[in-house]
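A.B. asks: Just so you know, the protein sequences line up as chains R and B, in that order.
Each residue of the first sequence is one higher than the one before, counting from 1 in our numbering.
Each residue of the second sequence is one higher than the one before, counting from 1 in our numbering.
Worth flagging that the hints you see were computed from the coordinates, not collected in a lab.
Backbone N, C-alpha and C fix where the C-beta goes; we use that ideal spot for every residue, glycine too.
Accuracy of the hints is not assured; some may be wrong.
[Said to hold, decoys possible] Here are some chain B residues pointing at chain R (derived, C-beta under 10 Å): (1) 75; (2) 82; (3) 84; (4) 88; (5) 89; (6) 114; (7) 127; (8) 143; (9) 170; (10) 174; (11) 260; (12) 278; (13) 282; (14) 286.
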Amino acid sequence: MKHSTKIILNIALIACFGVFLFWAQGNLDGYKVQILNLIAVNTILALSLNLIYGYTGMFSLGHAGFMAIGAYVCAILILPAAQKEMMYILEPVIWPFSVMHAPFFAAVLAAGLVAALLGLLIALPVLRLGGDYLGIATLGFAEIIRIVFTNITPITNGALGLKGIPAYANLPWNFFWCILTIYVIVKLLSSNFGNCLRAIRDDEVAAKAMGINTFRCKAISFAVGAFFAGVGGALMGSLITTIDPKMFNFQLTFNILMIVVVGGLGSITGSVIGAVVITILLEWLRFVEYTVEIGSFVIPGVPGMRMVIFSLVLLLIILYRREGIIGGYEFSWDDLVKRVNARRGRK
Amino acid sequence: MRLGKKLLLAFCIVLVTAGFAMAADVVKIGVYLPVTGGNAVGGQLELDGVKLAHQEMPEILGKKVELIVIDNKSDKVEAANAVKRLVERDKVNAIIGTYGSSLAMAGGEIAEQAKIPMVGTSCTNPLVTQGKKYVFRVCFIDPFQGAGAAAFALGDLKAKTAAILIEVTEDYSVGLASFFERSFKKDGGQVVAKLNYQKGDQDFTAQLTEIISKNPDVLYIPANFAEGAIIMRQASELGAKFKVLGGDAMDNPEIVSIGGKSVEGFSFTTFAYAPEMPNMNAIAKKFTDNWAKAFPGKQPNALSAVAYDSYMLIMDAIKRANSDDPEKITAALAATKDFPGVTGNTTINATHDAEKSVGIMQIKDGKRIFLTIVDPK
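Required output: the full structure, derived from the provided sequences and hints.
C.D. replies: Written out as structure tokens, the structure reads:
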């Protein structure tokens, strides 16, 4: 297939999706819109972790920390000064944080950049470690961020967290950032740099022997991942309008890791599908906790049942499809055409 | 595998059809509480309180009241989703919830946007109702509770100096500690030490040793019951002489089984209800009796009582508004004056918080006894 045809197809796909979003905004109820928003944010987060873990092979558990940085930077930038004045009831907010203000786009960008900068900073010492050790070091980093945010009360309002964050993160914004993330990561991975990353993942020593500057590649990959984690955190904060340090605990990292692994490590399509499936499944399964009446037979709802079934589904996916739902497969137009032709040929 | 696939399909069909519920002319009350996760103990007790209230008053204005209970997993994102689901999918007339101020903040924002009244049960942080038109609560707020604890420490306990041990990761603990400190200092007390710990900590000897060296008259621990009980046990092992004072999160029968003898003499501020309290009002008596029938073998506490009150307050507002329209319920809720409940009379003030007395309870001979009621200014 010609390159220009693919571009046209991509634009058409995005346009169709735009029409769908426009329709969703007007016709779907707020609950479904909320789930769509969460899907977008989870996709961003899953992709950023997939870049670090799935493509570069760095087992990083610091995602919640980057999200926290992003969420706080963005929240402080978009909160109106009056709201800040009112909210810091333990200790007054200090200058310049009390007067900082930026439009939403700039705030999210700044959130990503600050996260990336800190990602780079932490990458310098930590990336010398490999495997499980890196996991532990990054987990420690995320915990440090959380504890620092709990204790710098004049800036972050401590454990009370921030509330009343303007809800700018609507469908268009979230999906704009989501598509931008997909675009950047696809471009990054299809370039030669992407090949370097895969080489490092498969065998770091061999990659080094081939003359790849592995440390530089790893640091860039880590920083880009941190950037999008910060963006995801910023959007998440604006979406639920309140954040506190407690919500960025290590469990959040595992939730994202779960999406990445269930979707398929090292597959962009997998991360997108994983985010869609897990976000929807978690909400859709709520009905199992309701009291059910079948005729005169009443099954009382058991709270927590949802998580049992959810875990069972996860278990089955991992048991029967260890490579994730779509197992390393990557969507492409060429492949689609090939499949359609093959099916036609059979008929 | 074929049989497996068929079974799976059948299972899915059953699940989907079971998902549909019958619709009729009902008043829908949404309840979102942390029934699982870190705050599950409090959430369960409150859920039972709401259920009991629903059993007692299953109808209003001739319509059936339907309770829709959603678990928020003690998680902020889930809390926001839960309220969104309640207002958009279930189209509830009013919402009850939740235990945990940070969860209530996430949910309250959604309720405010959707213009559906929400009545908080035990979310005591002042930020919850701040600047909100549709968010109310039946509990007092932390500045009030902190002031109550300070008044009790200065008055009944005759304390001059206090130390504070704060669970620094918990918004509830940080807020309450700050308000206690302000009131205690304002009324002539002196805070000699202020130390932190983290949720889930097991060893407090470092902090306690330092506190003991400062020799305060009273130690204020706005802790959750699990950590609080361990703090008291370790304090008594270290030979501490001070009295210990806590907040409403310590109002849990478990503290005696965890803390044993060391919790003897521990007092805490809470909502003015306990099943053992003397001369309780008629509503509290009825609540205690009905609870014993509905949940034999389970002790109610103040959390169950405020949850019960929140349901009854909504029913009262619907009755006064003579309508189940969310706007009219909101107006009626805002105008609530001296609504008699289990935890005393509730008046909703301008900031949508309940003005009610602070109860002081104490552990004596392994039992919680109701000591007194204070009304801080």
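A.B. asks: Each hint should be assessed against the structure and marked as holding or not.
C.D. replies: Going down the list of hints, with the structure as the test:
Interface restraint check for residue 75 of chain B: the shortest CB-CB distance to chain R comes to about 7 Å, inside 10 Å, so the restraint holds. Of the supplied interface hints, the one on residue 82 of chain B holds, with its beta-carbon coming within about 9 Å of a beta-carbon of chain R, less than 10 Å. For residue 84 of chain B, the shortest C-beta to C-beta distance to chain R is roughly 5 Å, which falls under 10 Å, so the interface hint holds. Residue-level restraint check for residue 88 of chain B holds (minimum Cβ-Cβ distance to chain R is 4 Å; threshold 10 Å).
At a threshold of 10 Å, the smallest CB-CB gap from residue 89 of chain B to chain R is about 5 Å, leaving the interface hint in force. Satisfaction of the interface hint for residue 114 of chain B is found here, the shortest Cβ-Cβ separation to chain R being roughly 7 Å, below the 10 Å cut-off. Residue-level restraint check for residue 127 of chain B holds (minimum Cβ-Cβ distance to chain R is 6 Å; threshold 10 Å). Proximity of residue 143 of chain B to chain R holds as hinted, the smallest CB-CB distance being about 9 Å (cut-off 10 Å).
Residue-level restraint check for residue 170 of chain B holds (minimum Cβ-Cβ distance to chain R is 6 Å; threshold 10 Å). A cut of 10 Å between beta carbons decides the hint on residue 174 of chain B: the least distance to chain R is about 5 Å, and the hint holds. Proximity of residue 260 of chain B to chain R is violated relative to the hint, the smallest CB-CB distance being about 30 Å (cut-off 10 Å). Interface hint status for residue 278 of chain B: violated, as the beta-carbon distance to the closest one in chain R is roughly 35 Å, over 10 Å.
Checking residue 282 of chain B against chain R: minimum C-beta separation of about 31 Å lies over 10 Å; hint violated. Taking 10 Å as the C-beta cut-off, the interface hint given for residue 286 of chain B is violated, the closest approach to chain R being about 25 Å.
Checked against the numbered hints given earlier, the structure breaks hints 11, 12, 13 and 14 and satisfies all the rest.
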